[in-house]
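Enquirer: Chain by chain, the residues:
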Amino acid sequence: MPQSKQSLTSDFDYLKIAKDDTITITTGTPSDSDFAFPTDPFGGFGFGEQGYATISHNLGSVPLVRAFIQSVGGLWYSSYQQIGFIQIDPNLLTLVSANDLKLCVNSGSHQSNVPVFYRIYKLGTTAIDSDDRIDKIFLKSDPASPTSATLGPCTFSSDNVQTVVPIPHNQNEDIIWTLEFSQDGNNWYNDGSFIYGGPDTGSGPPGGPYAYYYYCRAYGAADSNNFYIRFEHNYPTSITLYARWSLDYRS
Amino acid sequence: MSDKYVNDVFNSDLDAFKQSGIQTASVTFSGSVAAGGEVVLTTSPLTLNNLDFSQILFDNSFYHPGRYRNMALENATMINETTRGSQLQCNVAQVVNGNTIQLTATLFNPYDGAVTLSTTTINFLYIPYQATL
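Protein chains in written order, with this note's numbering: chain A, 28 to 278; chain B, 5 to 137.
Please keep in mind that the hints were generated in silico from the structure rather than gathered at the bench.
One should not assume that every hint holds.
[Claimed, not checked] List time: in silico SDA-like cross-link candidates among lysine to any residue, alpha-carbon distance up to 25 Å:
hint: 1; chain 1: A; residue 1: Lys167; chain 2: A; residue 2: Asn85
hint: 2; chain 1: A; residue 1: Lys149; chain 2: B; residue 2: Leu50
hint: 3; chain 1: A; residue 1: Lys163; chain 2: A; residue 2: Asp40
hint: 4; chain 1: A; residue 1: Lys46; chain 2: B; residue 2: Asn103
hint: 5; chain 1: A; residue 1: Lys149; chain 2: B; residue 2: Ser30
hint: 6; chain 1: A; residue 1: Lys167; chain 2: B; residue 2: Thr104
hint: 7; chain 1: B; residue 1: Lys22; chain 2: A; residue 2: Leu150
hint: 8; chain 1: B; residue 1: Lys22; chain 2: A; residue 2: Asp40
hint: 9; chain 1: A; residue 1: Lys167; chain 2: B; residue 2: Ser122
hint: 10; chain 1: B; residue 1: Lys22; chain 2: A; residue 2: Asp156
hint: 11; chain 1: B; residue 1: Lys22; chain 2: A; residue 2: His196
hint: 12; chain 1: B; residue 1: Lys22; chain 2: A; residue 2: Ala125
hint: 13; chain 1: A; residue 1: Lys149; chain 2: A; residue 2: Gln189
hint: 14; chain 1: A; residue 1: Lys129; chain 2: B; residue 2: Gln93
hint: 15; chain 1: A; residue 1: Lys163; chain 2: A; residue 2: Phe74
hint: 16; chain 1: A; residue 1: Lys129; chain 2: A; residue 2: Phe74
hint: 17; chain 1: A; residue 1: Lys129; chain 2: B; residue 2: Leu52
hint: 18; chain 1: A; residue 1: Lys167; chain 2: B; residue 2: Lys22
hint: 19; chain 1: A; residue 1: Lys46; chain 2: A; residue 2: Ser83
hint: 20; chain 1: A; residue 1: Lys163; chain 2: B; residue 2: Thr86
hint: 21; chain 1: B; residue 1: Lys22; chain 2: A; residue 2: Ala154
hint: 22; chain 1: A; residue 1: Lys149; chain 2: B; residue 2: Gln93
hint: 23; chain 1: A; residue 1: Lys167; chain 2: B; residue 2: Asn103
hint: 24; chain 1: A; residue 1: Lys46; chain 2: B; residue 2: Ile26
hint: 25; chain 1: B; residue 1: Lys22; chain 2: A; residue 2: Phe74
hint: 26; chain 1: A; residue 1: Lys149; chain 2: B; residue 2: Leu52
hint: 27; chain 1: B; residue 1: Lys22; chain 2: A; residue 2: Ser168
hint: 28; chain 1: A; residue 1: Lys163; chain 2: B; residue 2: Lys22
hint: 29; chain 1: B; residue 1: Lys22; chain 2: B; residue 2: Asn101
hint: 30; chain 1: A; residue 1: Lys149; chain 2: B; residue 2: Thr28
hint: 31; chain 1: A; residue 1: Lys167; chain 2: B; residue 2: Leu52
hint: 32; chain 1: B; residue 1: Lys22; chain 2: A; residue 2: Leu166
hint: 33; chain 1: A; residue 1: Lys163; chain 2: B; residue 2: Asn101
hint: 34; chain 1: B; residue 1: Lys22; chain 2: A; residue 2: Phe64
hint: 35; chain 1: B; residue 1: Lys22; chain 2: A; residue 2: Ile164
hint: 36; chain 1: A; residue 1: Lys167; chain 2: B; residue 2: Asp19
hint: 37; chain 1: B; residue 1: Lys22; chain 2: A; residue 2: Ile147
hint: 38; chain 1: A; residue 1: Lys163; chain 2: A; residue 2: Gly151
hint: 39; chain 1: B; residue 1: Lys22; chain 2: A; residue 2: Pro65
hint: 40; chain 1: A; residue 1: Lys167; chain 2: B; residue 2: Asn101
Model, not experiment: these values are computed from the prediction.
With these hints in hand, go ahead and build the complete structure from the sequences.
Expert: Below is the structure:
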């Protein structure tokens, strides 16, 4: 019987890395309809440029993709383009289908060689073997004691209050991360998403519609030696937010 | 019980991610929306089956069917309306409650008259995963 090189197998549900790379994208005149309004409401700043990369993965089904862009302040980001007062410019959009990943860099002005890292995972229930690539997580928050921050009250719901919690990782190299955050320490939301509360009833006529709703959110950023968690809210009272996270290597 | 058939056969130093299945849910916009009206559609509950992380993707049957955007990067899509020939912004969000998660899609008609929506389905993919460190 021929020898198989796949001699060691594992638990059946590890995420296999199908493809990853750090690439650079240069922006120019927008030309991809998938990232143009109205197909994509976030496709461009309305006056800027876009650059694209299409990665064929040919997995036959929609995969999990983690994607990061090096942007404001030289930091890497992986979430929504507008964080409070910070406009992440250039920012990153993705579109994934059963066979391709499209990456789009939006920029308010021309940008050359914007670094983007992507990692595509093959989903399934097959075992990994010694030829497969998987992530290498090197640091993770304590499940029993998530990272937290208490933020002061916000005077106007149209405004917001933010604070940044730095977490040194000291790897002296660029990393990637996963983050979720919570308002109560029990119900967890994805990096960059919003947890909405009720409306600020003072921001509209009686019965609404209202201009502003109360919200909180958090997102991650990183450089070669630190991971940063930025917490944000617009509630009129102090609130405490929680985050759980893991950090892993790119290679 | 013997651990002979336990799933964790090979466990040298696998500080990696494990997936926990993929769950799907959808909402469909159609019909008319009254002047100044708001439509909030909510998917059926999906089960949160791990304590770590997830990614939520969505497509739009009218504008990008089968091509999924990441909710962490974009939290809105557009719904076409035929009355005036415009597009209305539809915000998507997640609502987590205990061991379930629901996805919501909210659309507001800013006009002073009713509009008719092009039938549009938003399909969500919920991909949970776990960090094994």
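Enquirer: Next, verify each hint and record whether it holds.
Expert: Hints, verified against the model:
1. Using a Cα cut-off of 25 Å, the hinted pair A/Lys167 and A/Asn85 is violated, with the two alpha carbons roughly 32 Å apart.
2. For the hint linking A/Lys149 to B/Leu50, the alpha-carbon distance of about 22 Å falls within 25 Å, and the restraint holds.
3. Of the pairs offered as hints, the one joining A/Lys163 and A/Asp40 holds, with about 15 Å between alpha carbons and a cut-off of 25 Å not exceeded.
4. For the suggested pair A/Lys46 and B/Asn103, the alpha carbons sit about 32 Å apart, so the restraint of at most 25 Å is broken.
5. About 23 Å separates the Cα atoms of A/Lys149 and B/Ser30, which keeps this hinted pair within 25 Å; it holds.
6. Between A/Lys167 and B/Thr104 the alpha-carbon distance is near 24 Å, which keeps this suggested pair within the 25 Å criterion.
7. Among the hinted pairs, B/Lys22 with A/Leu150 is consistent with the structure: their alpha-carbon atoms are about 10 Å apart, no more than 25 Å.
8. Pair hint B/Lys22 plus A/Asp40 holds up; C-alpha atoms about 5 Å apart against a cutoff of 25 Å.
9. A C-alpha spacing of about 45 Å is found between A/Lys167 and B/Ser122, which places the hinted pair above 25 Å, so the restraint is violated.
10. Note on B/Lys22 and A/Asp156: the hinted pairing holds, with a Cα-Cα distance of about 14 Å set against a maximum of 25 Å.
11. For the hint pairing B/Lys22 with A/His196, the CA-to-CA distance comes to about 23 Å; that is within 25 Å, so the pair holds.
12. As the CA atoms of B/Lys22 and A/Ala125 are separated by approximately 21 Å, the hinted pair is consistent with the 25 Å bound.
13. The straight-line distance between the Cα atoms of A/Lys149 and A/Gln189 is roughly 36 Å, outside the 25 Å bound, and the hint therefore fails.
14. Of the supplied pair hints, the one linking A/Lys129 and B/Gln93 holds, its CA atoms being roughly 23 Å apart against a limit of 25 Å.
15. For the proposed pair A/Lys163 and A/Phe74, the alpha carbon gap of about 40 Å is over 25 Å, so the pair is violated.
16. With a C-alpha separation of about 21 Å, the suggested pairing of A/Lys129 with A/Phe74 holds against the 25 Å cut-off.
17. For the suggested pair A/Lys129 and B/Leu52, the alpha carbons sit about 28 Å apart, so the restraint of at most 25 Å is broken.
18. The hinted pair formed by A/Lys167 and B/Lys22 meets the criterion: a straight-line CA distance of about 15 Å does not exceed 25 Å.
19. For the suggested pair A/Lys46 and A/Ser83, the alpha carbons sit about 9 Å apart, so the restraint of at most 25 Å is met.
20. With a C-alpha separation of about 50 Å, the suggested pairing of A/Lys163 with B/Thr86 is violated against the 25 Å cut-off.
21. With a C-alpha separation of about 11 Å, the suggested pairing of B/Lys22 with A/Ala154 holds against the 25 Å cut-off.
22. Pair hint A/Lys149 plus B/Gln93 does not hold up; C-alpha atoms about 32 Å apart against a cutoff of 25 Å.
23. Between the alpha carbons of A/Lys167 and B/Asn103 the distance comes to roughly 22 Å, so the proposed pair stays at or under 25 Å and holds.
24. Between the alpha carbons of A/Lys46 and B/Ile26 the distance comes to roughly 20 Å, so the proposed pair stays at or under 25 Å and holds.
25. Straight-line distance between C-alpha atoms of B/Lys22 and A/Phe74 comes to about 41 Å, which puts the hinted pair past the 25 Å bound.
26. Using a Cα cut-off of 25 Å, the hinted pair A/Lys149 and B/Leu52 holds, with the two alpha carbons roughly 21 Å apart.
27. For a cut-off of 25 Å, the pair hint linking B/Lys22 to A/Ser168 stands: about 17 Å separates their Cα positions.
28. With a CA separation close to 12 Å, the supplied pair A/Lys163 and B/Lys22 stays within the 25 Å bound.
29. With a CA separation close to 23 Å, the supplied pair B/Lys22 and B/Asn101 stays within the 25 Å bound.
30. Our distance criterion of 25 Å between C-alpha atoms is met by A/Lys149 and B/Thr28, whose separation comes to about 17 Å.
31. Between A/Lys167 and B/Leu52, the direct Cα distance comes to roughly 20 Å. Compliance with the 25 Å bound is thereby established for this hinted pair.
32. Distance hint between B/Lys22 and A/Leu166 is fulfilled; the C-alpha atoms sit about 16 Å from each other, no more than 25 Å.
33. Restraint check: the Cα-Cα separation between A/Lys163 and B/Asn101 comes to about 31 Å, which exceeds 25 Å; the hinted pair is violated.
34. A C-alpha spacing of about 36 Å is found between B/Lys22 and A/Phe64, which places the hinted pair above 25 Å, so the restraint is violated.
35. Our distance criterion of 25 Å between C-alpha atoms is met by B/Lys22 and A/Ile164, whose separation comes to about 12 Å.
36. In summary, the hint linking A/Lys167 to B/Asp19 is supported, as the alpha carbons are separated by about 10 Å, within the 25 Å threshold.
37. With a CA separation close to 14 Å, the supplied pair B/Lys22 and A/Ile147 stays within the 25 Å bound.
38. Distance hint between A/Lys163 and A/Gly151 is fulfilled; the C-alpha atoms sit about 19 Å from each other, no more than 25 Å.
39. Annotation: proposed proximity of B/Lys22 to A/Pro65 is violated, straight-line Cα distance about 36 Å (limit 25 Å).
40. With a C-alpha separation of about 24 Å, the suggested pair A/Lys167 and B/Asn101 falls inside the 25 Å cut-off, and the hint holds.
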